[in-house]
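J.: Single-letter residue listing:
2 protein chains.
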Amino acid sequence: MRGLGRSARSAARELARAGTDAKNAALRAMAAEIRTRSAELIEANRADVAQAKKAGRDGAFVDRLTLDAKAVGQMAAGLEDIVALEDPVGKISDLARRPTGIEVGRMRVPLGVIGIIYESRPNVTADAAGLCLKAGNACILRGGSEALRSNQAIAACVRAGLKSAGLPETAVQVVATADRAAVGELITMTEYVDIIVPRGGKDLIERLARESKIPMIKHLDGVCHVYIDDRADPEMAVRIADNAKTQRYGTCNTLETLLVAEGIAEKFLPLIGYIYKNKNVQMRGDEATRKLVKDVKPATEKDYYTEWLAPVVSIKVVKDIDEAMAHIAKYGSQHTDAIVTADKSRADRFLREVDSSSVLVNASTRFADGYEYGLGAEIGISTDKLHARGPVGLEGLTTQKFVVLGHGEIRTS
Amino acid sequence: MRGLGRSARSAARELARAGTDAKNAALRAMAAEIRTRSAELIEANRADVAQAKKAGRDGAFVDRLTLDAKAVGQMAAGLEDIVALEDPVGKISDLARRPTGIEVGRMRVPLGVIGIIYESRPNVTADAAGLCLKAGNACILRGGSEALRSNQAIAACVRAGLKSAGLPETAVQVVATADRAAVGELITMTEYVDIIVPRGGKDLIERLARESKIPMIKHLDGVCHVYIDDRADPEMAVRIADNAKTQRYGTCNTLETLLVAEGIAEKFLPLIGYIYKNKNVQMRGDEATRKLVKDVKPATEKDYYTEWLAPVVSIKVVKDIDEAMAHIAKYGSQHTDAIVTADKSRADRFLREVDSSSVLVNASTRFADGYEYGLGAEIGISTDKLHARGPVGLEGLTTQKFVVLGHGEIRTS
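Line order of the protein sequences matches chains A and B.
Counting with the numbering used here, you get residues 1 to 413 for the letters of the first sequence.
Counting with the numbering used here, you get residues 1 to 413 for the letters of the second sequence.
Same shape as in the complex, but just chain A:
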């Protein structure tokens, strides 16, 4: 691992110098290699899938692991999409002349070396490599041991692409061992790795966060709330509460707890309850909810802390926006929370006071996503406060340094 670290550090210096054209040429060449070697990739993946099935992995796991021709095509297209994204590196912003005569600005520069730790989806190998490369970073990728052959096959395409563009092949390195100790080393090599991006289940990320000596871009939970204010348009409230819960159940920006102001509960809850019931969403609510909607199980304290990732929703009737925000502060995960209201001053309070990485007014929580926000692509979502918060795109994989343009100025006081 330390050998990989050293190579990555040295590749990072070359990448920091690389121009946009070279990086884009590499991305295009990687995509072309992936298309050309499609059969090879599918073959390598088939061996991984066979082994996973033999090991008794469940259907969802095998689904995530499987690469078919369509998935391979999407992987290549994903790399080509990154070509179109603006290169953040080298841009100088906020340049201003100071009274002393110097001009001071901030230049966007790569972070350096990024370690990515992920589980069974092999497409992350190409996606993450592409994003890191475009932002001028070297990366060390450590995928799940079950996807080892698939990831190595994809890595060969990535290396070929880098080589054809004259960039160091060590700019993207895929850890070739299933040895778990490799992860332990990766997250503690502070001299070689600048940031770790873990992708996977909460258990994995919690363990990594405990042991890592390197800062992480991560989120653990997405316990997302929609608060229906008593000044909400009921039709809009129903539309958003429906979409936020039922459009997809397994995503981190899915609604998990619905908070309803008591002033609108009688009008709103029977409507949304009817929809949830028809979509087979299990409801768990407090007393007030259960009085207004049939088939609602009593909610426990624990339910309100739970990220269901399933057709289950917790519901609570609250007095007003203050109780709603207090609930979110206590039970939420600082991921994504929304208010539905026609009252601008309440919307402004919610925006300002709810301490989450994404806060929405009159829109579905499902929008909290790098593509929907216009970042082009995302490496992950961060619920931490430092550096990058919310969906993290190319910019989140860079940092800014101060640059000073002088004309011989010296300091005299």
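Just so you know, not all the hints are guaranteed correct.
The list treats identical chains as interchangeable, and a pair is accepted whether it falls inside one copy or across any two copies.
Claimed, not checked - In silico SDA-like links for lysine to any residue, alpha-carbon gap of 20 Å or less: (1) K344 / E103; (2) K70 / S413; (3) K91 / E353; (4) K202 / E119.
These are computed hints drawn from the structure, not numbers from a lab.
Put chain B on the given structure of chain A with help from the hints.
T.: Coordinates of chain B only, in the frame set by chain A:
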């Protein structure tokens, strides 16, 4: 300590809501209290100073500890200066409408709770409290045990100021014990503290960085370089190399190693050597330097890693900009480095490729400072890459979250 943590967390929620007027009123009231109680503060400080002298502390230490009427006045004026700084909290930037109809932007919000750990200078108590407050953060301040009485007296003024503006007095809490275990708790209470800012010597900061579970804004070393390119104007080169080394010896942005292109060494080195000698700056150089300048001691490998913080300078003749940048990458501390050159393409390469928190062209390293950069004030300088890099002002004490302004939009794909 956990009690302080809980109070700080709850105060932070109130502060996040506080308007600019209330925060400014508190800052003005703190300054007024400090002026009113000037005699009291000096009295409390006198006891600290007496104890430090009795404990055999050296003159420099006692200097840093001592508060006289002028220092008290400066502390009050510093708080009033913060009133004039723009409040970063609540500003929405980059607001853009997406094809789906939602408007996505980023809102600047406080970090939450900031822990400040510092050594003997009691004025940090007021400065840090003021900056944290203006950025909407609660803070827990832990000063040196030698300044305990002074810090408590200043804290009383700060609390009175907060109270008179209707803000929670627990927004600024000064740890009242000299017990070292308190620091250990402060840097590991991840649920109550969002960021730690250590101010002090390298030993203190290294120890804290090793033990902290909370991210830090910090720098360890300032091994700053000036590279004199062979296309430099010799007169400008001498002026900058002189100022960067001799304007102040003890600051972190002082020049420690002078790198000189061989093409200009013969012309430049005797001139700067003459100046340094006249200012009693001890020179340590490589063979090439020693051939051109008298009274230069041989430099050891270790000298090039050393932050002198004294009238000592390391000098090395290098072949060109590439060797200079390689030297900086190996021996530097990613703090502040400068090039003197009339060649724009070399200046651009230096700006882009030198991986330091401040990179300057044709200006003295001494400019790397929050005031000189126009930040108004600084809480510290960061050489880390994440979050804030370089001098850290109000903006570095905040973070950005995504805000979405919708009109009932839901996600359909």
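J.: With identical chains treated as interchangeable, where does the CA-CA distance between K91 and E353 reach 20 Å or less: within a copy, between copies, both, or neither?
T.: between (32 Å within a copy, 13 Å between copies)
J.: Classify it for me, K202 with E119: is the Cα-Cα distance of at most 20 Å met within a copy, between copies, both or neither?
T.: Answer is within: at 12 Å inside a copy they meet the 20 Å cutoff, but 39 Å across does not.
J.: At most 20 Å between C-alpha atoms: does K70 with S413 qualify within a copy, between copies, both, or neither?
T.: between (65 Å within a copy, 18 Å between copies)
J.: When no copy is named, should K344 and E103 be tagged within, between, both, or neither for a Cα gap of at most 20 Å?
T.: Classified as between: cross-chain Cα gap 15 Å, same-chain 40 Å, threshold 20 Å.
Of the numbered hints listed earlier, not one is contradicted by the structure.
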